[in-house]
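Participant: Sequence:
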Amino acid sequence: MKTISKKLRLLLSAMAALLFSATIAAAQHTATRIQNVVLVHGAFVDGSGWKGVYDILIKKGYHVTIAQIPLSSLQDDAAVVKKALDRQNGPAVLVGHSWGGTVITEVSAHPKVASLVYVTAFQPDNGEPTTKWIATAPALPENGILPPDKDGLVYYDRGKFHAGFAADLPPAQALFMADAQKPIAAASFATPVTAAAWHHKPTFGIVPTADKSINPVILRNMFRRSGTKVAEIKGASHAVFVSHPKEVANVIIAASR
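Taking mature numbering (1 follows the signal peptide of the UniProt record, and there is no 0), I'd label the letters of the sequence shown as residues -27 to -1, 1 to 230.
Be aware that a few hints might be false.
35 Å max Cα-Cα, derived DSBU-like pairs, lysine-lysine [to be verified]:
1. K55 <-> K85
2. K207 <-> K174
3. K24 <-> K202
Read the hints as simulated data drawn from the structure, not as lab findings.
Working from the sequences, and respecting the hints, build out all of it.
Facilitator: If you want it as C-alpha coordinates, here you go:
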(Lines of atoms letter the chains of each structure in order from A and count residues from 1; the text may use other names and numbers.)
(Lines give C-alpha, C1' and ligand atoms only; values in the text may rest on other atoms or scores of the structure.)
Protein backbone atom coordinates (compact mmCIF):
# COMPACT_ATOMS: atom_id res chain seq x y z
CA MET A 1 0.00 0.00 0.00
CA LYS A 2 2.84 2.35 0.86
CA THR A 3 4.40 1.64 -2.57
CA ILE A 4 1.12 2.33 -4.38
CA SER A 5 0.60 5.51 -2.38
CA LYS A 6 4.11 6.69 -3.22
CA LYS A 7 3.59 5.98 -6.93
CA LEU A 8 0.27 7.80 -6.84
CA ARG A 9 1.87 10.82 -5.21
CA LEU A 10 4.61 10.87 -7.84
CA LEU A 11 2.03 10.60 -10.63
CA LEU A 12 -0.07 13.42 -9.21
CA SER A 13 3.04 15.54 -8.73
CA ALA A 14 4.07 14.99 -12.36
CA MET A 15 0.58 15.84 -13.61
CA ALA A 16 0.55 19.02 -11.54
CA ALA A 17 3.93 20.04 -12.95
CA LEU A 18 2.73 19.49 -16.51
CA LEU A 19 -0.46 21.47 -15.89
CA PHE A 20 1.54 24.31 -14.35
CA SER A 21 3.93 24.38 -17.31
CA ALA A 22 1.04 24.43 -19.78
CA THR A 23 -0.64 27.28 -17.89
CA ILE A 24 2.55 29.34 -17.86
CA ALA A 25 3.12 28.70 -21.58
CA ALA A 26 -0.44 29.75 -22.40
CA ALA A 27 -0.09 32.89 -20.30
CA GLN A 28 3.17 33.81 -22.01
CA HIS A 29 1.63 33.18 -25.43
CA THR A 30 -1.30 35.46 -24.64
CA ALA A 31 0.94 38.12 -23.14
CA THR A 32 3.19 38.30 -26.23
CA ARG A 33 0.34 38.54 -28.75
CA ILE A 34 -0.22 42.05 -30.05
CA GLN A 35 -3.75 43.01 -29.07
CA ASN A 36 -4.25 46.11 -31.24
CA VAL A 37 -5.01 46.20 -34.96
CA VAL A 38 -5.39 49.33 -37.09
CA LEU A 39 -7.06 48.84 -40.49
CA VAL A 40 -6.59 51.32 -43.34
CA HIS A 41 -8.76 51.25 -46.47
CA GLY A 42 -7.62 52.17 -49.95
CA ALA A 43 -8.87 54.33 -52.80
CA PHE A 44 -12.50 54.26 -53.99
CA VAL A 45 -13.81 52.65 -50.77
CA ASP A 46 -14.17 53.49 -47.09
CA GLY A 47 -13.58 51.62 -43.86
CA SER A 48 -16.92 49.78 -43.88
CA GLY A 49 -15.47 47.14 -46.18
CA TRP A 50 -13.42 45.83 -43.24
CA LYS A 51 -16.59 44.70 -41.40
CA GLY A 52 -16.03 40.97 -41.98
CA VAL A 53 -12.39 41.10 -40.89
CA TYR A 54 -13.33 43.31 -37.94
CA ASP A 55 -15.98 40.83 -36.72
CA ILE A 56 -13.53 37.92 -36.80
CA LEU A 57 -10.78 39.81 -34.95
CA ILE A 58 -13.11 41.24 -32.31
CA LYS A 59 -14.44 37.76 -31.50
CA LYS A 60 -10.85 36.61 -30.97
CA GLY A 61 -10.21 39.35 -28.43
CA TYR A 62 -8.41 41.94 -30.53
CA HIS A 63 -8.92 45.68 -30.18
CA VAL A 64 -9.58 46.91 -33.72
CA THR A 65 -9.54 50.48 -35.00
CA ILE A 66 -10.63 51.38 -38.53
CA ALA A 67 -9.00 54.56 -39.81
CA GLN A 68 -11.26 56.52 -42.17
CA ILE A 69 -8.76 58.32 -44.38
CA PRO A 70 -9.90 61.30 -46.53
CA LEU A 71 -7.99 60.29 -49.71
CA SER A 72 -7.13 63.98 -50.18
CA SER A 73 -3.32 63.60 -50.02
CA LEU A 74 -0.70 61.24 -48.67
CA GLN A 75 0.00 63.68 -45.85
CA ASP A 76 -3.67 63.99 -44.88
CA ASP A 77 -4.19 60.22 -44.96
CA ALA A 78 -1.05 59.57 -42.94
CA ALA A 79 -2.09 62.14 -40.32
CA VAL A 80 -5.35 60.27 -39.69
CA VAL A 81 -3.52 56.96 -39.26
CA LYS A 82 -0.93 58.52 -36.94
CA LYS A 83 -3.72 59.80 -34.70
CA ALA A 84 -5.27 56.33 -34.63
CA LEU A 85 -1.91 54.84 -33.62
CA ASP A 86 -1.40 57.49 -30.93
CA ARG A 87 -4.65 56.32 -29.31
CA GLN A 88 -3.58 52.67 -29.04
CA ASN A 89 -2.68 51.41 -25.56
CA GLY A 90 0.30 49.44 -26.83
CA PRO A 91 1.89 48.01 -29.98
CA ALA A 92 -0.31 47.48 -33.02
CA VAL A 93 -0.50 45.53 -36.25
CA LEU A 94 -0.92 48.12 -39.02
CA VAL A 95 -2.87 46.87 -42.05
CA GLY A 96 -3.37 48.61 -45.40
CA HIS A 97 -5.39 47.74 -48.51
CA SER A 98 -4.33 48.95 -51.97
CA TRP A 99 -3.47 52.68 -51.68
CA GLY A 100 -3.59 52.09 -47.94
CA GLY A 101 -0.28 50.25 -48.35
CA THR A 102 1.43 53.49 -49.30
CA VAL A 103 -0.22 55.19 -46.33
CA ILE A 104 0.90 52.56 -43.79
CA THR A 105 4.41 52.71 -45.25
CA GLU A 106 4.46 56.47 -44.67
CA VAL A 107 3.63 55.98 -40.98
CA SER A 108 5.47 52.67 -40.52
CA ALA A 109 8.19 54.24 -38.35
CA HIS A 110 5.61 55.16 -35.69
CA PRO A 111 6.80 53.62 -32.40
CA LYS A 112 3.55 51.73 -31.86
CA VAL A 113 3.74 49.91 -35.20
CA ALA A 114 4.97 46.41 -34.38
CA SER A 115 4.23 44.72 -37.72
CA LEU A 116 2.78 45.54 -41.12
CA VAL A 117 0.26 43.77 -43.35
CA TYR A 118 -0.13 44.70 -47.02
CA VAL A 119 -3.46 43.48 -48.41
CA THR A 120 -2.96 43.65 -52.20
CA ALA A 121 -1.32 46.94 -51.40
CA PHE A 122 1.44 49.21 -52.64
CA GLN A 123 4.72 48.97 -50.75
CA PRO A 124 7.04 51.78 -51.87
CA ASP A 125 10.48 52.39 -50.43
CA ASN A 126 11.64 55.62 -48.83
CA GLY A 127 11.69 58.30 -51.53
CA GLU A 128 9.49 56.35 -53.96
CA PRO A 129 6.06 57.50 -55.18
CA THR A 130 3.33 54.97 -55.82
CA THR A 131 3.41 55.83 -59.53
CA LYS A 132 6.83 54.20 -59.79
CA TRP A 133 5.26 50.81 -59.14
CA ILE A 134 2.05 51.40 -61.08
CA ALA A 135 4.19 51.82 -64.20
CA THR A 136 6.10 48.55 -63.79
CA ALA A 137 3.43 46.31 -65.34
CA PRO A 138 0.61 46.90 -67.84
CA ALA A 139 -2.87 47.64 -66.59
CA LEU A 140 -5.20 44.68 -67.07
CA PRO A 141 -8.18 45.09 -69.46
CA GLU A 142 -10.73 44.98 -66.62
CA ASN A 143 -9.03 47.82 -64.73
CA GLY A 144 -11.46 50.73 -64.38
CA ILE A 145 -9.29 53.47 -62.86
CA LEU A 146 -10.20 56.63 -64.77
CA PRO A 147 -8.00 59.64 -65.62
CA PRO A 148 -8.24 62.57 -63.18
CA ASP A 149 -11.25 64.84 -63.63
CA LYS A 150 -11.10 68.64 -63.82
CA ASP A 151 -10.71 68.80 -60.02
CA GLY A 152 -7.79 66.37 -59.99
CA LEU A 153 -9.86 63.53 -58.54
CA VAL A 154 -9.66 59.92 -59.68
CA TYR A 155 -12.75 57.70 -59.81
CA TYR A 156 -13.26 54.04 -60.72
CA ASP A 157 -15.40 53.37 -63.78
CA ARG A 158 -18.86 52.33 -62.57
CA GLY A 159 -19.29 49.96 -65.50
CA LYS A 160 -16.01 48.17 -64.77
CA PHE A 161 -16.26 48.08 -60.99
CA HIS A 162 -17.56 44.53 -60.74
CA ALA A 163 -15.09 42.92 -63.16
CA GLY A 164 -12.15 45.13 -62.24
CA PHE A 165 -12.49 45.66 -58.49
CA ALA A 166 -14.82 43.07 -56.99
CA ALA A 167 -15.38 40.16 -59.37
CA ASP A 168 -15.77 37.65 -56.53
CA LEU A 169 -18.63 39.61 -54.94
CA PRO A 170 -22.28 39.55 -56.09
CA PRO A 171 -22.95 42.08 -58.88
CA ALA A 172 -25.42 44.00 -56.73
CA GLN A 173 -22.87 44.42 -53.95
CA ALA A 174 -20.22 45.55 -56.41
CA LEU A 175 -22.65 48.06 -57.91
CA PHE A 176 -23.40 49.47 -54.46
CA MET A 177 -19.67 49.83 -53.81
CA ALA A 178 -19.25 51.60 -57.15
CA ASP A 179 -22.05 54.05 -56.36
CA ALA A 180 -20.69 54.65 -52.84
CA GLN A 181 -17.08 55.07 -53.92
CA LYS A 182 -14.75 57.77 -52.61
CA PRO A 183 -12.48 59.42 -55.18
CA ILE A 184 -8.79 59.95 -54.47
CA ALA A 185 -6.68 63.01 -55.27
CA ALA A 186 -4.49 62.07 -58.23
CA ALA A 187 -1.52 63.93 -56.75
CA SER A 188 -1.42 61.39 -53.91
CA PHE A 189 0.02 58.73 -56.21
CA ALA A 190 2.93 60.98 -57.21
CA THR A 191 3.96 61.85 -53.64
CA PRO A 192 7.09 60.02 -52.42
CA VAL A 193 6.94 58.32 -49.03
CA THR A 194 9.38 59.46 -46.34
CA ALA A 195 9.71 56.20 -44.40
CA ALA A 196 9.78 52.47 -45.05
CA ALA A 197 10.04 50.52 -41.81
CA TRP A 198 9.27 47.28 -43.64
CA HIS A 199 13.05 47.09 -43.90
CA HIS A 200 13.24 46.07 -40.23
CA LYS A 201 9.72 45.35 -38.94
CA PRO A 202 7.90 42.03 -39.52
CA THR A 203 5.96 42.39 -42.76
CA PHE A 204 3.21 40.27 -44.31
CA GLY A 205 1.51 40.53 -47.68
CA ILE A 206 -1.58 39.16 -49.43
CA VAL A 207 -1.70 38.57 -53.19
CA PRO A 208 -5.17 37.84 -54.64
CA THR A 209 -4.35 35.95 -57.82
CA ALA A 210 -7.32 37.40 -59.76
CA ASP A 211 -6.72 41.05 -58.87
CA LYS A 212 -7.49 43.20 -61.91
CA SER A 213 -6.85 46.60 -60.31
CA ILE A 214 -3.24 46.01 -59.24
CA ASN A 215 -1.48 43.55 -61.50
CA PRO A 216 -0.33 40.65 -59.26
CA VAL A 217 3.06 40.88 -61.01
CA ILE A 218 3.54 44.26 -59.29
CA LEU A 219 2.58 42.84 -55.91
CA ARG A 220 4.93 39.87 -56.20
CA ASN A 221 7.84 42.07 -57.28
CA MET A 222 7.34 44.52 -54.40
CA PHE A 223 7.00 41.75 -51.82
CA ARG A 224 9.99 39.85 -53.22
CA ARG A 225 12.15 42.97 -52.90
CA SER A 226 11.16 43.54 -49.28
CA GLY A 227 11.28 39.93 -48.14
CA THR A 228 7.60 40.11 -47.17
CA LYS A 229 5.98 36.89 -45.99
CA VAL A 230 3.33 36.32 -48.66
CA ALA A 231 -0.01 34.53 -48.65
CA GLU A 232 -1.68 34.07 -52.05
CA ILE A 233 -5.46 33.73 -52.20
CA LYS A 234 -6.42 31.92 -55.37
CA GLY A 235 -9.18 33.50 -57.44
CA ALA A 236 -9.63 36.48 -55.11
CA SER A 237 -10.25 39.96 -56.48
CA HIS A 238 -8.95 43.37 -55.47
CA ALA A 239 -11.79 43.41 -52.92
CA VAL A 240 -10.24 40.42 -51.15
CA PHE A 241 -10.64 42.11 -47.76
CA VAL A 242 -14.42 42.01 -48.32
CA SER A 243 -14.76 38.68 -50.12
CA HIS A 244 -12.25 36.62 -48.07
CA PRO A 245 -12.36 38.06 -44.54
CA LYS A 246 -11.30 34.81 -42.87
CA GLU A 247 -8.13 34.42 -44.91
CA VAL A 248 -7.24 38.10 -44.46
CA ALA A 249 -7.89 37.90 -40.71
CA ASN A 250 -5.64 34.84 -40.47
CA VAL A 251 -2.72 36.79 -41.93
CA ILE A 252 -3.34 39.64 -39.48
CA ILE A 253 -3.42 37.14 -36.61
CA ALA A 254 -0.12 35.69 -37.78
CA ALA A 255 1.34 39.21 -37.81
CA SER A 256 0.14 39.73 -34.23
CA ARG A 257 2.26 36.83 -32.95
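Participant: Now tell me if each hint is right for this structure.
Facilitator: The hints, checked one at a time:
{"no.": "1", "hint": "K55 <-> K85", "verdict": "10 Å, holds"}
{"no.": "2", "hint": "K207 <-> K174", "verdict": "27 Å, holds"}
{"no.": "3", "hint": "K24 <-> K202", "verdict": "24 Å, holds"}
The structure fails none of the hints (numbered hints given earlier).
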